[in-house]
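Engineer: As they're listed, the protein sequences go chains Z and S.
No gaps in the numbering here: position 69 of the first sequence is 69 in the working numbering, and each next residue is one more.
No gaps in the numbering here: position 63 of the second sequence is 63 in the working numbering, and each next residue is one more.
Mixed in with the good hints, there may be bad ones.
[Unchecked claim] Simulated pairs of lysine to any residue, SDA-like, Cα-Cα distance not exceeding 20 Å:
id : chain 1 : residue 1 : chain 2 : residue 2
1  : Z       : 145       : S       : 145
2  : Z       : 145       : S       : 186
3  : Z       : 202       : S       : 198
4  : S       : 202       : Z       : 157
5  : S       : 145       : S       : 161
6  : Z       : 63        : Z       : 86
7  : S       : 145       : Z       : 63
8  : Z       : 202       : S       : 45
9  : Z       : 145       : Z       : 83
10 : Z       : 202       : S       : 192
11 : Z       : 63        : Z       : 31
12 : Z       : 145       : S       : 171
[Unchecked claim] Label-pair restraints from in silico Cβ distances:
id : chain 1 : residue 1 : chain 2 : residue 2 : range
13 : Z       : 57        : S       : 58        : 19 to 27 Å
14 : S       : 57        : Z       : 75        : 25 to 33 Å
15 : S       : 31        : Z       : 193       : 55 to 63 Å
16 : Z       : 100       : S       : 167       : 24 to 32 Å
17 : Z       : 134       : S       : 58        : 16 to 24 Å
If you're looking for bench data, these hints aren't it; they were derived computationally from the structure.
For glycine and all other residues, C-beta sits at the position ideal for the given N, C-alpha and C.
2 protein chains.
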Amino acid sequence: MSKSVAITPAPAPTSPFRSKAEREQDRAEKREAVLLAAVRMFNARGYHAASLDDVAASLGISKPTIYHYLGNKEQVLVECVNRGLSMLREAAEAAAGAPGSGHDRLRAFLLRYACINMDDFGRCVIRTNEEVLSMDSATRFRARKREIDAAVRAMIAEGIADGSIAPVDVRFASFALAGALNWPARWHDPAGPLRPQEVAEKLVDIALGGLTPRD
Amino acid sequence: MSKSVAITPAPAPTSPFRSKAEREQDRAEKREAVLLAAVRMFNARGYHAASLDDVAASLGISKPTIYHYLGNKEQVLVECVNRGLSMLREAAEAAAGAPGSGHDRLRAFLLRYACINMDDFGRCVIRTNEEVLSMDSATRFRARKREIDAAVRAMIAEGIADGSIAPVDVRFASFALAGALNWPARWHDPAGPLRPQEVAEKLVDIALGGLTPRD
DNA sequence: CAATCAATATACTCGCAAGTATAGAAAATA
DNA sequence: TATTTTCTATACTTGCGAGTATATTGATTG
């Protein structure tokens, strides 16, 4: 019946005896689940009002388990924020390396940016105020956000250089775009009728309208 | 020597004996000082992280004095937020009743709106998440914000009707504008070099650019 | 002058939530 | 099989901060 018996090194997927790699993956999955529960609690109630006891309860586990997988409360938050920032940086890198005019690349990036901001970890990046972090973490946080902002400004500048974007003040244009596309992290309800992709497209169209050259 | 003696009902301004009206004004001034100290603490640290003991200490007074003038912590926050909302509503009413095209009135309002958002109480409106309020206060808060938003949408719609604004999606346009002009409440540093009026003008120009009709 | 009221402080209570000490079960390793 | 490591829970400690009870002082009013 069986096509092969114990030839492949990987055990049958349903085996109760987990290999080392499997155990590591188990651990990673649990860690991930804890992180997700935490970020959702942070987003729903705000960092201070979200207690680790609540996070644990939402998973049916106990608080020390959170410490086991992720460390103390600030470390949990930092990890959440880093997830979001990594997604944003990847999007920025992808857009920077794409073909097309500055305007095209900026537009592609902003669509992704807006969607990330409506997702758990991106939302957390936007909603996390530096004041809640230790000075050290806040410094790193700021630096990583500046990276993203620099990428936006670079794309705007390139668009201006190649004529696909009107000659606006680069700094304020990036502030305005960021504001328009960060704001959904505050009001968009993931359970509501508006799909993030749709919101992103409409907002980007309007926000980018102001940067499009007049003929 | 004296031109008049005890003819006017108001006593000399330096008299140590305060009239009833003066005492009421004293009280109002103190209340105001407490409110201002509180809103600044809330803005600087966030509502949860700002303790009333800290607020009291910043004024050299004790916590019960805050309760004496303003009530409990949430009442303090609600009062702060209401101050900001009142400023915004006044601005909206002024703009709605002004002459000019929809675009002109919208622009005038947005300039004021952006400036208020960089000020203590307006900043507090933006930075206060509904989750920190009691359900009752949150409902009222939402209603008052909706009023402002409705005013913005009305101005956009009027602008579209009179041809001074491009035929955009009114709802998303108001979201985009709000985002762009709320965001400074998060990043603008009152102690920094950028003057609020200047920030407001640049942001409004860029944000409104997307709504201006093409010829 | 007595009684009251306004304004303020000191010194508490009390609950929540972060973080920890300890223990035990299960699995892995020697 | 003995020993160590991993995972998880229960049950604490601790500190902070909201809110309050009570006292004091000075002015206001009857």
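Engineer: Now tell me if each hint is right for this structure.
Structural biologist: Hints and how they fare:
1. Taken as a hint, the residue 145 of chain Z and residue 145 of chain S pair is broken in the structure, with Cα atoms around 29 Å apart against an allowance of 20 Å.
2. For the hint pairing residue 145 of chain Z with residue 186 of chain S, the CA-to-CA distance comes to about 14 Å; that is within 20 Å, so the pair holds.
3. Between residue 202 of chain Z and residue 198 of chain S the CA atoms are separated by roughly 28 Å; this puts the pair beyond 20 Å, and the hint is violated.
4. Restraint check for residue 202 of chain S and residue 157 of chain Z: the C-alpha separation of about 17 Å stays at or below 20 Å, so the hint holds.
5. Distance check on the hinted pair: residue 145 of chain S and residue 161 of chain S sit about 24 Å apart at the alpha-carbon level, beyond 20 Å; violated.
6. A distance of roughly 27 Å separates the Cα atoms of residue 63 of chain Z and residue 86 of chain Z; the hinted pair therefore is violated under the 20 Å criterion.
7. Pair hint residue 145 of chain S plus residue 63 of chain Z does not hold up; C-alpha atoms about 38 Å apart against a cutoff of 20 Å.
8. As the CA atoms of residue 202 of chain Z and residue 45 of chain S are separated by approximately 34 Å, the hinted pair breaks the 20 Å bound.
9. Between residue 145 of chain Z and residue 83 of chain Z the CA atoms are separated by roughly 12 Å; this keeps the pair inside 20 Å, and the hint holds.
10. Proximity of residue 202 of chain Z to residue 192 of chain S is assessed by CA-CA distance (about 33 Å); at most 20 Å being required, the pair is judged violated.
11. Restraint check for residue 63 of chain Z and residue 31 of chain Z: the C-alpha separation of about 13 Å stays at or below 20 Å, so the hint holds.
12. A threshold of 20 Å between alpha carbons decides the hint, and for residue 145 of chain Z with residue 171 of chain S the separation of about 29 Å lies outside it, so the pair is violated.
13. Distance hint for residue 57 of chain Z and residue 58 of chain S: a CB-CB separation of about 36 Å, inconsistent with the stated range 19 to 27 Å.
14. Separation of residue 57 of chain S from residue 75 of chain Z is about 30 Å and conforms to the stated range, judged on CB atoms against 25 to 33 Å.
15. For the pair residue 31 of chain S and residue 193 of chain Z, the supplied restraint of 55 to 63 Å is violated, since their beta-carbon distance comes to about 44 Å.
16. At about 28 Å, the CB distance of residue 100 of chain Z to residue 167 of chain S agrees with the hint of 24 to 32 Å.
17. At roughly 22 Å, the beta-carbon separation of residue 134 of chain Z and residue 58 of chain S lies within the given 16 to 24 Å, and the hint holds.
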